[in-house]
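A.B. asks: Sequence:
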Amino acid sequence: MFRNVIGLPEALSLGSFTNGLIAWLFGATGPLLIVLQAAAQGHLQETETTSWIFGIYVIPGCLTLLQALLFRQPIGFAFSIPGAVLVGQTLAHHSFSEVIGAYLITGAVIFILGITGVVDRLMRVLPMPVMMGMVSGVLLPFGVGLFQAVRTEPLVNGVPLLVFMVFHLTPRLAKKFPPILAAILATALTLVVARQVHFAGAPVSLAKPHLYLPAWNGGAISQLVLPLVLTVVAIQNAQGIAVLQSEGYQPPVNSMTRWSGIGSIINGLFGAHTACVAGPMTALLTGEESGDPDQKYSAAVVLGILSIVFGLFAPIAASIPHAVPQSTISMLGGIAMISVLTDALKMSFGGGFKKSALFSFLITVSGVSVLHIGSPFWGLVGGVCASYVLDRDDHATLAQRAPVDVSQ
Numbered sequence: 001m002f003r004n005v006i007g008l009p010e011a012l013s014l015g016s017f018t019n020g021l022i023a024w025l026f027g028a029t030g031p032l033l034i035v036l037q038a039a040a041q042g043h044l045q046e047t048e049t050t051s052w053i054f055g056i057y058v059i060p061g062c063l064t065l066l067q068a069l070l071f072r073q074p075i076g077f078a079f080s081i082p083g084a085v086l087v088g089q090t091l092a093h094h095s096f097s098e099v100i101g102a103y104l105i106t107g108a109v110i111f112i113l114g115i116t117g118v119v120d121r122l123m124r125v126l127p128m129p130v131m132m133g134m135v136s137g138v139l140l141p142f143g144v145g146l147f148q149a150v151r152t153e154p155l156v157n158g159v160p161l162l163v164f165m166v167f168h169l170t171p172r173l174a175k176k177f178p179p180i181l182a183a184i185l186a187t188a189l190t191l192v193v194a195r196q197v198h199f200a201g202a203p204v205s206l207a208k209p210h211l212y213l214p215a216w217n218g219g220a221i222s223q224l225v226l227p228l229v230l231t232v233v234a235i236q237n238a239q240g241i242a243v244l245q246s247e248g249y250q251p252p253v254n255s256m257t258r259w260s261g262i263g264s265i266i267n268g269l270f271g272a273h274t275a276c277v278a279g280p281m282t283a284l285l286t287g288e289e290s291g292d293p294d295q296k297y298s299a300a301v302v303l304g305i306l307s308i309v310f311g312l313f314a315p316i317a318a319s320i321p322h323a324v325p326q327s328t329i330s331m332l333g334g335i336a337m338i339s340v341l342t343d344a345l346k347m348s349f350g351g352g353f354k355k356s357a358l359f360s361f362l363i364t365v366s367g368v369s370v371l372h373i374g375s376p377f378w379g380l381v382g383g384v385c386a387s388y389v390l391d392r393d394d395h396a397t398l399a400q401r402a403p404v405d406v407s408q
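Take 1 as the starting number for the sequence shown in our numbering and just add one per residue.
A hint or two may mislead.
Pair by pair, the computed Cβ-Cβ distance ranges are [to be verified]:
(1) Thr-116 <-> Met-1: 21 to 27 Å
(2) Thr-116 <-> Val-309: 34 to 40 Å
(3) Met-165 <-> Glu-46: 42 to 48 Å
(4) Gly-117 <-> Leu-155: 48 to 54 Å
(5) Leu-173 <-> Val-144: 27 to 33 Å
(6) Gly-7 <-> Thr-116: 29 to 35 Å
(7) Leu-70 <-> Glu-46: 35 to 41 Å
(8) Phe-2 <-> Ala-40: 33 to 39 Å
(9) Val-309 <-> Glu-10: 19 to 25 Å
(10) Leu-206 <-> Pro-154: 36 to 42 Å
(11) Gly-350 <-> Tyr-388: 20 to 26 Å
(12) Ile-112 <-> Leu-189: 47 to 53 Å
(13) Val-368 <-> Arg-151: 45 to 51 Å
(14) Leu-155 <-> Glu-46: 34 to 40 Å
Read the hints as simulated data drawn from the structure, not as lab findings. For every residue, glycine included, the Cβ atom is placed at its ideal position computed from N, Cα and C.
Could you put the whole structure together from the sequences, leaning on the hints where they help?
C.D. replies: Shown next as structure tokens:
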């Protein structure tokens, strides 16, 4: 780990900084709005909401730094977005302390799964194309959102896209100055010219997080624990693991699971919900602009530092999603996701398990939710089941694959 810290200045580049910035920007806008909506559903006080925001950014930020520097991989931690929706629904019927009790049990279950190696063994037998079909389905809306954003705001969102394309026309310039960074600067300029930046009235103060005591309620536990565990392990973490594997890394599955559990427990004490590996954000960190594979961890370090700073200024953070148009965030996320989505689709349909990968992709894109569990989980389940019917011959090849050591 110390060697990776020492080598950070050499690994850090303009491209990796930009990808880390984009990943942070994605996590600091739309997902935060969902948390604020959930807090409003639960009629939480301002201190409770601020402590929640502190937990879901500072703790995952620390986990990102820990895992990135320990394993020299672009591993990005954040919080469960579907989990925030579920928590908002639960807060309408249960007290904040009862929900916190469910958080702590959820974190303990995830930690146990990590130390027993269950997730490790499961990830070894899942067909990679099926997993990447699920990941592609998750990432597809970001690509579609790019063009929806341009249609919504043709000038503000169209100019950065045009700048991005122009920079790609000159490879020598693109190598020195990442096209996505040019798109960010063009976005800032167009927002200022169009007067669509609204930071007036944002409170400037540090967060004052609180520690909360849990209460135990069977209804809250039954409503939250299983869906939150599945969301973290089988949806969010599975996406991140699949993305890292597709980039040639050997992700430390057990360590990622254990620290998701530990982070979720710490989050719960601050009144915040589950910590997890952020699938789309990890995908952004692995973009080609981040450099060579052994340099991309620097993008995660940027994300971790920005997340920590963002959480420390939680009162200001609550106003950020309202400062710029959401369509602009969608546009930048879509541009940054182009190369990532291209690679994900290639991994899904460029080899074996094509039919089952398509099942996984289509179920995920459908948005179907059963038992409060989102479509990525059912896409993974449906794709695996379909593989035993539609791609039986490919399982023989999978069985011959050498086992990968991910037991760190």
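A.B. asks: Each of the hints needs a verdict: does it hold here or not?
C.D. replies: These are the hints, each one checked on the structure:
1. Thr-116 <-> Met-1: 21 to 27 Å: This hint holds: roughly 25 Å between Cβ atoms.
2. Thr-116 <-> Val-309: 34 to 40 Å: holds, 35 Å
3. Met-165 <-> Glu-46: 42 to 48 Å: holds, 44 Å
4. Gly-117 <-> Leu-155: 48 to 54 Å: holds, 53 Å
5. Leu-173 <-> Val-144: 27 to 33 Å: holds, 28 Å
6. Gly-7 <-> Thr-116: 29 to 35 Å: holds, 33 Å
7. Leu-70 <-> Glu-46: 35 to 41 Å: holds, 36 Å
8. Phe-2 <-> Ala-40: 33 to 39 Å: violated, 44 Å
9. Val-309 <-> Glu-10: 19 to 25 Å: Check passed, 23 Å falls within 19 to 25 Å.
10. Leu-206 <-> Pro-154: 36 to 42 Å: holds, 40 Å
11. Gly-350 <-> Tyr-388: 20 to 26 Å: holds, 21 Å
12. Ile-112 <-> Leu-189: 47 to 53 Å: holds, 51 Å
13. Val-368 <-> Arg-151: 45 to 51 Å: violated, 26 Å
14. Leu-155 <-> Glu-46: 34 to 40 Å: holds, 37 Å
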